[in-house]
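Based on the hints, put chain B with the ligands in the right spot on chain A.
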Amino acid sequence: MSFLELAWNILPKLLAGAVVTIELTIIAITIGIVLGIPVAMARVYGNKLLYTISTFFVEIIRGTPLLTQLFILYFGLPSVGIMLSPFVAAIIGMGINSAAYQAEYFRGAIQSIKKEQLIAAYSLGMKKVQAIRHIVLPQMFRLVIPSWSNELIYLLKYSSMAYMIQAPEIMSQARLIASRNFRTFEVFIVVALIYLVLVLVLSKILDSVERRYRIPGL
Amino acid sequence: MPHVILKVENLYKSYGKLAVLKGISFQVNQGETKVIIGPSGTGKSTLLNCINQLTPPDKGRIWLEEIEVTNPATDLNLIRSSIGMVFQHFNLFTHLTVLDNVRLGLVVVKKIPKDKATEISLEKLNQVGLADKINAYPAELSGGQQQRVSIARALAMNPKLILFDEPTSALDPELIGEVLNVMIKLAERGMTMVVVSHEMGFARAVANEIIFMENGVIVEEGKPDIMFHHAQNPRTREFLHKITELYGGKAE
Ligand SMILES: Nc1ncnc2c1ncn2[C@@H]1O[C@H](COP(=O)(O)OP(=O)(O)OP(=O)(O)O)[C@@H](O)[C@H]1O
Ligand SMILES: [Mg+2]
Chain A
0 MSFLELAWNI LPKLLAGAVV TIELTIIAIT IGIVLGIPVA MARVYGNKLL
50 YTISTFFVEI IRGTPLLTQL FILYFGLPSV GIMLSPFVAA IIGMGINSAA
100 YQAEYFRGAI QSIKKEQLIA AYSLGMKKVQ AIRHIVLPQM FRLVIPSWSN
150 ELIYLLKYSS MAYMIQAPEI MSQARLIASR NFRTFEVFIV VALIYLVLVL
200 VLSKILDSVE RRYRIPGL
Chain B
0 MPHVILKVEN LYKSYGKLAV LKGISFQVNQ GETKVIIGPS GTGKSTLLNC
50 INQLTPPDKG RIWLEEIEVT NPATDLNLIR SSIGMVFQHF NLFTHLTVLD
100 NVRLGLVVVK KIPKDKATEI SLEKLNQVGL ADKINAYPAE LSGGQQQRVS
150 IARALAMNPK LILFDEPTSA LDPELIGEVL NVMIKLAERG MTMVVVSHEM
200 GFARAVANEI IFMENGVIVE EGKPDIMFHH AQNPRTREFL HKITELYGGK
250 AE
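In order, the protein sequences belong to chains A and B. So the first sequence is numbered by numbering that gives the first Met the number 0: it starts at 0 and just counts up by one. So the second sequence is numbered by numbering that gives the first Met the number 0: it starts at 0 and just counts up by one.
Next up, chain A with everything else stripped away, as it sits in the complex (with noise of 0.2 Å):
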C-alpha cells in the first residue's frame, strides 16, 4: 500500500481524533478566559488576600508540568473518590492550565494601559468600574490578542497531551492505528501534517482577528 493509500484509508479515523482536539482546544481555551480574566482583575485590582490567592493559582500552575497536572486529575482524583472521564479530567487541566497563563497575559495587557487615561476617566466622574469596564477592558483585549493567538496555537499542540489520559484526540486515534498496521512511521507523518494545517489555518484566522480588531496607536 502506498503513503497515499495508506493515509487516505486511515484519515477518517485521525480526522475523528482532530475534532476531539478541536474540542479540546476550544473548551479549554474558553474556561482559560472565563478564569484568566478574574485571575488577572485579582492580581492587578485585588485586594492582599485575593493578590495573594491569585499569584498562588498562577505560581504553582506554571511551575508544574501540565502532564503532571493531568494526571493528578485523572490517575490521582479517583484516590479521593472524584472519577473524571478522560476528556473531562483534559479540559479541565488544560482549561485551569491555560487560565493561569491567559491571566498573565491579560495582566500584562491591563499594565501596559497607560495610568493618565485612568485619571482622565476619574476626572469625567467615572466610578473605578466604570473605568475598568469602558477604558480598561476594551484595550485589554485587544493588547492581548497576539499573545492570547500563541496560547491557542500552543494549546491545540499540548492537547497532545490528554494522550496520556486516554482521551480520543488524534494522538491515541493514531496510536491505535499503528499497533494494528505496524506502519508506525507514515501514520505520525499523516498526524503530523494534520496538525500543520490546523495551526496553520488557525493562524490565518487569528491574523485577520487581528488585523480586523486593530486600532491604530493601540
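FYI, nobody ran anything at the bench for these hints, they're computed from the structure. All C-beta atoms, glycine included, are put in the ideal place defined by N, C-alpha and C. Be a bit skeptical, because a hint or two may be false.
Unchecked claim - Pair ranges (Cβ atoms, derived):
1. Arg210(A) <-> Glu67(B): 48 to 58 Å
2. Asp171(B) <-> Ser207(A): 31 to 41 Å
3. Arg188(B) <-> Thr51(A): 50 to 60 Å
4. Ser111(A) <-> Asn70(B): 52 to 62 Å
5. Glu115(A) <-> Glu65(B): 23 to 33 Å
6. Asn70(B) <-> Gly107(A): 39 to 49 Å
Below, chain B with the ligands without anything else, positioned relative to chain A:
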C-alpha cells in the same frame, strides 16, 4: 456681588516629608480666567489635582459654588463631572474614536441617551474645529488636534469650571496657537477657567488675574498689567522676566 465658582481655603498637601502645598487660598468668580505660573516642582499640578480630589489634600477646604468638595459626604464623582480637566499629555482614550472620546462621559457618567450625547459631542467638536475628524483615532491626530479633542471632551460635560494643566507645553511650537485660540474663545464666551501655563501672550489676552506660585505658596497675584509692570515681590518680577524671555508674549 460676583458669583463665586471656586473657593480654595488654606490648602495643604505633603508627599511624605515633602510639603508641596503650604496654605493655598484663592477664589475664582464666574466667567473668570486665572492663570497660575511658577517654577517646576512648585505644586501647580498638585493644586489642580486637589481641586477635584484626584489627589486628596491633607488640610484645607474647597468649595464648588455652594457645595463643599472637601466634605467627606460630598459625591466626588458628581463634583468631578462638573469640573473639566485638560492635561498636558491630553490623556485621550486610545481605543476610542474622537467622537467616542467626547461622548463617553456623557453616556457613562451623565447617562444621557446616545443620540442626544452624539448631538452634544458634535457641537463641541465643531466648536474646537474638529468636526471633520470625528471618526479618527487619537493616534491619527496631531498633538494640537488631540488637545482640542480633550477640550471638547471637557466641554461636553457642561462643566462649571475647567482646569488646564500646561495644555500646550507638550506641543510643537507651530501647534500651540490653535489650542490657545480655542481657549481664548472659551474665555471670551464666559467659561470659568484655571490655567497653569507659561504662555504669557495668552495670559495677557484673557487672564483676569495671574497667580504666581513658588514653593507651595502663592507669592503674589494680580491683574496681568500690574503683575507685568508693577509686581511687588522681586521674585515675581524675576520669574516673569525669565518666562517672557523663554516664551515671549511681553511685546504685544
Ligand atoms: N504622587 C507623588 N508622590 C510623591 N511626590 C510627588 C507626587 N506628585 C508630585 N510630587 C512632588 O511634588 C512636587 C510638586 O509637584 P507638581 O507636579 O505639583 O509640580 P508642578 O508645579 O506642577 O511642576 P511642573 O511645572 O514640573 O509640572 C514635586 O517635587 C514632585 O516631585
Ligand atoms: Mg505640573
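Now the hints, each set against the structure:
| no. | hint | in the structure |
| --- | --- | --- |
| 1 | Arg210(A) <-> Glu67(B): 48 to 58 Å | holds, 52 Å |
| 2 | Asp171(B) <-> Ser207(A): 31 to 41 Å | holds, 37 Å |
| 3 | Arg188(B) <-> Thr51(A): 50 to 60 Å | holds, 54 Å |
| 4 | Ser111(A) <-> Asn70(B): 52 to 62 Å | violated, 37 Å |
| 5 | Glu115(A) <-> Glu65(B): 23 to 33 Å | holds, 32 Å |
| 6 | Asn70(B) <-> Gly107(A): 39 to 49 Å | holds, 40 Å |
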